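**Student:** Using our numbering, the letters of the sequence shown correspond one by one to residues 1 to 526.
Heads up, a few of these hints could be off.
[Said to hold, decoys possible] Using 20 Å as the maximum straight-line C-alpha spacing, the simulated PhoX-like pairs for lysine-lysine come out as follows:
(1) Lys92 / Lys59
(2) Lys78 / Lys181
(3) Lys101 / Lys59
(4) Lys26 / Lys125
(5) Lys78 / Lys101
(6) Lys71 / Lys92
(7) Lys92 / Lys26
(8) Lys139 / Lys127
Since the hints were made in silico from the structure, they are not lab data. Bear in mind that the values here come from a model prediction, so they are computed numbers and not experimental data.
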Amino acid sequence: MSNVFDGDSPTNLAEYSVSELSGSIKRTVETAFDQVRVRGEISGYRGPHSSGHAYFALKDDRARIDAVIWKGTFSRLKFRPEEGMEVIATGKVTTFPGSSKYQIVIETLEPAGAGALMALIEERKRKLGAEGLFDAARKKRLPFMPSVIGVVTSPTGAVIRDILHRISDRFPVHVLVWPVKVQGEGSGEEVANAIRGFNALEPSGAIPRPDVLIVARGGGSLEDLWSFNDEIVVRAAAESAIPLISAVGHETDWTLIDYAADVRAPTPTGAAEMAVPVKAELEAQAAALAARLQGCMNRQMDQRRQSVRALMRALPSLDQLLALPRRRFDEAAIGLGRGLELNTINKRRGFERVAAHLRPDVLSNRIAERRQTLNERMVRAERMVERLIDRSKSRVDRAEAILASLPARLKTQTDRGRERIGNLSRHADTAVRHQLTRARAELSAQDRVLQSLSYKNVLKRGYAVIRDEDNRPVSQAAHLSAGMGIAIEFADGRVGAMTTEGGTPPAGAKKRSAKPAEPPKQGSLF
Numbered sequence: 001m002s003n004v005f006d007g008d009s010p011t012n013l014a015e016y017s018v019s020e021l022s023g024s025i026k027r028t029v030e031t032a033f034d035q036v037r038v039r040g041e042i043s044g045y046r047g048p049h050s051s052g053h054a055y056f057a058l059k060d061d062r063a064r065i066d067a068v069i070w071k072g073t074f075s076r077l078k079f080r081p082e083e084g085m086e087v088i089a090t091g092k093v094t095t096f097p098g099s100s101k102y103q104i105v106i107e108t109l110e111p112a113g114a115g116a117l118m119a120l121i122e123e124r125k126r127k128l129g130a131e132g133l134f135d136a137a138r139k140k141r142l143p144f145m146p147s148v149i150g151v152v153t154s155p156t157g158a159v160i161r162d163i164l165h166r167i168s169d170r171f172p173v174h175v176l177v178w179p180v181k182v183q184g185e186g187s188g189e190e191v192a193n194a195i196r197g198f199n200a201l202e203p204s205g206a207i208p209r210p211d212v213l214i215v216a217r218g219g220g221s222l223e224d225l226w227s228f229n230d231e232i233v234v235r236a237a238a239e240s241a242i243p244l245i246s247a248v249g250h251e252t253d254w255t256l257i258d259y260a261a262d263v264r265a266p267t268p269t270g271a272a273e274m275a276v277p278v279k280a281e282l283e284a285q286a287a288a289l290a291a292r293l294q295g296c297m298n299r300q301m302d303q304r305r306q307s308v309r310a311l312m313r314a315l316p317s318l319d320q321l322l323a324l325p326r327r328r329f330d331e332a333a334i335g336l337g338r339g340l341e342l343n344t345i346n347k348r349r350g351f352e353r354v355a356a357h358l359r360p361d362v363l364s365n366r367i368a369e370r371r372q373t374l375n376e377r378m379v380r381a382e383r384m385v386e387r388l389i390d391r392s393k394s395r396v397d398r399a400e401a402i403l404a405s406l407p408a409r410l411k412t413q414t415d416r417g418r419e420r421i422g423n424l425s426r427h428a429d430t431a432v433r434h435q436l437t438r439a440r441a442e443l444s445a446q447d448r449v450l451q452s453l454s455y456k457n458v459l460k461r462g463y464a465v466i467r468d469e470d471n472r473p474v475s476q477a478a479h480l481s482a483g484m485g486i487a488i489e490f491a492d493g494r495v496g497a498m499t500t501e502g503g504t505p506p507a508g509a510k511k512r513s514a515k516p517a518e519p520p521k522q523g524s525l526f
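Can you make the complete structure from the sequences, with help from the hints?
**Tutor:** So, in structure tokens, the structure goes:
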């Protein structure tokens, strides 16, 4: 501070520089307002800056003050600032000399009373409900008898002991505990990560995947249960593919995770009772059902025995069933002897009638008739053979005549064929000569075009072609790297070389020796 007195000045006021005045104001403000609590509404909040600091303003109906939360303080806040939220900020007032402004550096931040918290909860509830996270249609049913239960809670509180004790009493199953903080900074993120972590487990992995999840915490104030109102926790509960039971606080405590969960339990102990049935009751029920089943089977068997006995009484006896067949058998046995005698008499009479016709003279006549018929057939067969022989001789004579005239006819046809073949041969020679002439002309034209387009004509003008280790032309320096073997092709041959520097080599390139690659052999043009 300068106290130099200027004799020419009309007053004796001390003279200050801008920096001195700004510094003095800054010290005065920070001394007078070292610790203050300010109540106001957050305005202009857009989230943390890229540096991690948060800049916004606190306002009421008549004034406005700039506010800042440094990065280290922001990470320790229990509540995240939100636009329009009424809060109570604790910190110190300071100035910013670069722009002649003052601001409050916030050290702690809390909602302005339970009414503000409830208003914030209601706002989040409306927002998340509009997205369908609380719809009853998306809620899943709990498994009747889970084999693995996952619990998300604090490992040191009484809640986990109550849950384990109740499950052990009702139906002992495998319980997996994911320890998390259930209050304070970062507790919401830990609960959400635990829910997503259980869902990420593989059913057949080393750690079994739970059949049902329990998110539990003991009772407390609205601020103590605030982590379970975080949006990240509500979304994780709604996205869970595993059925989830919310057991946060006492029966009168409601948080947003209760609306997103598949089932809400009034207490953590109630959640354990919902998760598993009572084993003793199941065993008693199974025993009762087994007894009822056995009784039903016994009564059914008794009824069937009585029915069989009644049917047996209605059936006739064995003697009654066999009486009629026995009588028929006896009657058939009595008539069998008489039938055999009558049958023998009838067969004898038939034999005698047939034997009366078998006399020697009848047999002699029949033999004579058959012999005469046989002779006639032999005579007809001989005549037929003679006619066939005559026809065969005629065919042989005609064939001999044809064979005698065959040499002359073959000679005539041979002379004609030779003459025709000679004419065709001359025509073919002429056509082949014409075709070869046209092919040579076309080949000469194509060769001239090929020579005019060949890159070797460019090499004769002093240029060269660079080829890589796979004998492929290199068109850019970026395709080569230091230490790669290349081949340089000139008009009169190739030479090998090794690169000393270059661009980034292509992916998968391998170093090889600098031995030049053999030039590709040109195939036949035909």
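**Student:** List in ascending order the numbers of the hints, as given earlier, that are violated by the structure.
**Tutor:** 4 and 5
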